[in-house]
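*Asks:* Sequence:
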Amino acid sequence: MTDKEKIYAEIESISEEYFEELYWLIKKFADAKPIKKESTFMSKLKSIQIDGPEDFAANLDLYLSGEKSVE
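Just add 27 to the spot in the sequence shown (first one is 1) and you have this note's numbering.
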């Protein structure tokens, strides 16, 4: 049984006097903003911004050892 079929089965078992309340509950759920997915590791890496010289990545070892300095 699919989830949709399960929902329909539950609705069939509800008394008609609760239909309006159920309608507004479903409407509120459908209108709700989707929950933001958790950021992935790669998306977090993409958001990192470094303020450094143009050759920073190519010469990282030189900057770390002190042979080159960031001015």
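Source of the hints: derived by calculation from the structure; they are not laboratory data.
Among the hints, erroneous ones may be present.
What the hints assert, rightly or not - Quick list of in silico lysine-lysine cross-link-like pairs, PhoX-like style, CA-CA up to 20 Å:
no.	residue 1	residue 2
1	K54	K33
2	K31	K63
3	K73	K63
4	K54	K31
*Asks:* If a hint holds in the structure, say so; if it doesn't, say that too.
*Replies:* Going through the hints against the structure:
no.	hint	result
1	K54 / K33	holds (18 Å)
2	K31 / K63	violated (23 Å)
3	K73 / K63	holds (18 Å)
4	K54 / K31	holds (16 Å)
Of the numbered hints listed earlier, the single one contradicted by the structure is hint 2.
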